[in-house]
Structure formats: C-alpha cells, structure tokens
Amino acid sequence: MNNKLVEKLTEKDIKLLSSKQGMIELFRDDPVNIKKALRRTKYLKRLIDLHEELIKMQKWVSEKKQRVAILFEGRDAAGKGGSIRRFIEHMNPRLLRVVALPAPTLVEQGQWYFQRYVLQLPSPGEIVFFNRSWYNRAVVEPVNGYCSQKQYREYMAQIGDFEHMLRSDGIQIIKLWFSISKEEQEKRFKEIRKDPLKQWKLSPVDDKAIELWDDYTYYKNTMFAHTSVATCPWNIILANTKASARTEAIKYVLRTVNYPKDEKVLEMI
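Each residue of the sequence shown is one higher than the one before, starting from 620 at the first, in the numbering used here.
The reader is advised that the hints may include incorrect statements.
To be verified - Estimated spans, in silico, between C-beta atoms of each pair:
{"#": "1", "residue 1": "Leu738", "residue 2": "Pro852", "range": "24 to 30 Å"}
{"#": "2", "residue 1": "Val651", "residue 2": "Trp731", "range": "54 to 60 Å"}
{"#": "3", "residue 1": "Glu810", "residue 2": "Lys683", "range": "24 to 30 Å"}
{"#": "4", "residue 1": "Thr724", "residue 2": "Met642", "range": "48 to 54 Å"}
{"#": "5", "residue 1": "Leu821", "residue 2": "Gln739", "range": "42 to 48 Å"}
{"#": "6", "residue 1": "Val726", "residue 2": "Leu816", "range": "32 to 38 Å"}
Stated by the list, open to error - Taking lysine to aspartate or glutamate and the DMTMM-like style, the derived pairs with C-alpha atoms no more than 25 Å apart in a straight line are:
{"#": "7", "residue 1": "Lys861", "residue 2": "Glu682"}
{"#": "8", "residue 1": "Lys655", "residue 2": "Glu682"}
{"#": "9", "residue 1": "Lys880", "residue 2": "Glu682"}
{"#": "10", "residue 1": "Lys809", "residue 2": "Asp833"}
{"#": "11", "residue 1": "Lys664", "residue 2": "Glu867"}
{"#": "12", "residue 1": "Lys801", "residue 2": "Asp833"}
{"#": "13", "residue 1": "Lys883", "residue 2": "Asp632"}
{"#": "14", "residue 1": "Lys861", "residue 2": "Glu782"}
{"#": "15", "residue 1": "Lys801", "residue 2": "Asp788"}
{"#": "16", "residue 1": "Lys809", "residue 2": "Asp632"}
Hints listed in this document are in silico derivations from the structure and should not be mistaken for laboratory results. Beta carbons are placed, not taken as given, at the ideal position from N, Cα and C, and that holds for glycine.
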C-alpha cells in the first residue's frame with residue numbers, strides 16, 4: 620500500500636473509502652489500488668446523485684405527458700450501449716423504451732426511409748433511447764455502401780424537415796455523439812475480440828471501421844454541418860474515458876429537459 624498516498628487522503632476521501640461501496644472497490648484489486656478505488660467510488664457516487672435527478676426528470680416527463688427521444692450516435696465501440704444502460708439503471712422501465720433496430724428487412728427497404736423510426740417515436744409521457752437512429756443513413760450507410768449516393772442526397776435533403784415535423788408535434792429530440800480517438804477504437808476492438816462475453820458486439824462493419832476512419836470522419840462532419848441547428852443541436856461527448864462520458868451525457872440530458880431542477884445541484888455533481 621502507498622503510504623504517501625494514504626497521507627494525502629482528505630477526510631472526505633477516507634469517508635468515501637470507508638463506505639460499503641468504497642470497501643468493495645478497495646478490495647477489488649490485489650494488491651489494493653487506493654487511487655483507482657477512490658476514483659471508482661467517486662464515479663459511482665456521482666452516478667447515484669445523477670440517477671436521483673433522472674428519476675425526478677422521468678416523473679416530470681410522465682406527469683406532463685412530454686415526449687422525449689434521445690439519440691445515441693458515434694463510431695463503433697464508442698460506448699453508446701453502455702451509456703444507455705447507465706442512464707436507465709434506476710429509471711422506471713414502464714415509462715421508457717430502448718430502441719436498437721436491426722438491418723432493415725426487404726419490406727422496410729421499399730418504404731420511406733424514416734417510416735420504421737416513426738413507429739418507434741415516444742408516446743406521451745415516455746422517453747425513448749435510440750441506440751443508433753435515423754442518422755445511420757448520414758454516416759454508417761454511405762461509408763459502407765449500404766445506400767446509394769442518390770438515396771444519401773435525398774435523405775440529407777429531408778432530414779431537416781423530418782426533425783422539424785417531430786418538434787412541431789411536441790417531441791423533444793436530444794442528439795448525442797460519442798467521440799473517441801482512432802487509437803481508443805482500436806484498443807476497444809482488441810478488448811472485445813478477447814472477451815467471449817462481448818464478441819457478439821462485433822460485426823462486419825466493425826472489421827472495416829479503422830480502415831474507413833477518414834470516410835467516417837468526412838460523413839460525420841458533413842452531418843454536423845447540415846443537421847446541428849440551434850433548435851436541435853448535436854452535443855459531442857468526449858468518450859475516450861467511459862466514466863466521464865457517461866456522467867457528462869447524463870448531465871447534458873438533465874440540463875436540456877425542462878423539468879424543475881436545481882442547477883446548483885447539477886454543478887456539484
């Protein structure tokens with residue numbers, strides 16, 4: 620154990636590490652890693668505080684019959700799914716849905732592109748979390764050749780009007796882009812390939828992601844330029860560190876939804 624580090628611990632740090640969660644984190648590693656345990660305990664404490672606010676927000680959305688769609692976008696392995704799991708961990712499952720659509724069927728391919736997403740939009744009093752959304756056609760599809768350039772241009776010409784119609788109908792759209800570096804993406808792919816419990820996450824698209832990095836960057840920047848507007852902006856979440864990405868995403872949503880909140884509380888978290 621690092622005696623110098625122990626001497627630098629504040630009374631607040633010691634209290635945190637003496638808690639039930641702090642003790643769990645302390646003895647998670649052998650030998651004990653005080654710095655890591657403290658960092659992890661602080662993170663989990665912040666999450667608890669944020670979850671309390673999320674519950675308040677969800678209750679307000681339900682009572683006021685609001686409709687909220689939260690879009691989680693980003694490169695492969697950016698942490699979208701993990702962030703959604705952290706969001707909904709203590710929320711009422713009856714008042715939310717998580718939508719992660721598979722590749723479109725032949726029938727869906729013959730329909731208006733946005734149609735299958737319209738069917739998933741939130742009902743009054745509901746929050747819907749989209750793990751990828753109608754923005755697939757803005758980045759993933761053109762990069763990987765899943766749509767023609769004609770289809771891409773038509774989509775880009777329609778996306779603004781589509782989201783304007785949703786907002787006019789009372790749906791609040793919150794758009795999150797989880798941004799990771801090329802090196803971090805490579806690192807995460809390697810970790811996933813080594814873990815038999817996570818290998819299902821990989822797809823042919825992932826295998827080409829590093830090779831097509833610059834293409835993804837081009838279409839991502841084009842998407843931002845055309846679809847990040849004052850009434851419906853993109854919020855970029857720096858996601859190389861999963862813990863900070865998750866807390867920043869939650870805080871952004873809490874600040875964006877107009878439920879009765881104490882800004883001072885959010886600043887302290």
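Verification of the supplied hints:
Checking the proposed 24 to 30 Å range against Leu738 and Pro852 shows it holds: the Cβ atoms sit about 26 Å from each other. As the Cβ distance of Val651 to Trp731 is approximately 58 Å, the hint placing it in 54 to 60 Å holds. Between Glu810 and Lys683 the beta carbons are some 42 Å apart, a value that contradicts the proposed interval 24 to 30 Å. Checked against the hint of 48 to 54 Å, the pair Thr724 and Met642 passes, with Cβ atoms roughly 51 Å apart.
Distance hint check: the CB atoms of Leu821 and Gln739 are about 25 Å apart, inconsistent with the given range 42 to 48 Å. Checked against the hint of 32 to 38 Å, the C-beta distance between Val726 and Leu816 comes to roughly 34 Å, which is consistent with it. In summary, the hint linking Lys861 to Glu682 is not supported, as the alpha carbons are separated by about 32 Å, beyond the 25 Å threshold. At most 25 Å may separate the alpha-carbon atoms for a hinted pair to count; Lys655 and Glu682 exceed this at roughly 41 Å.
About 15 Å separates the Cα atoms of Lys880 and Glu682, which keeps this hinted pair within 25 Å; it holds. The straight-line distance between the Cα atoms of Lys809 and Asp833 is roughly 20 Å, inside the 25 Å bound, and the hint therefore holds. This hinted pair checks out: Lys664 and Glu867 have alpha carbons roughly 14 Å apart, not beyond 25 Å. At roughly 10 Å between alpha-carbon atoms, Lys801 and Asp833 fall within 25 Å of each other, so this suggested pair holds.
This hinted pair checks out: Lys883 and Asp632 have alpha carbons roughly 22 Å apart, not beyond 25 Å. Between Lys861 and Glu782 the CA atoms are separated by roughly 29 Å; this puts the pair beyond 25 Å, and the hint is violated. Restraint check for Lys801 and Asp788: the C-alpha separation of about 39 Å exceeds 25 Å, so the hint is violated. Simply put, Lys809 and Asp632 have alpha-carbon atoms about 34 Å apart, too far for the 25 Å limit, and the pair is violated.
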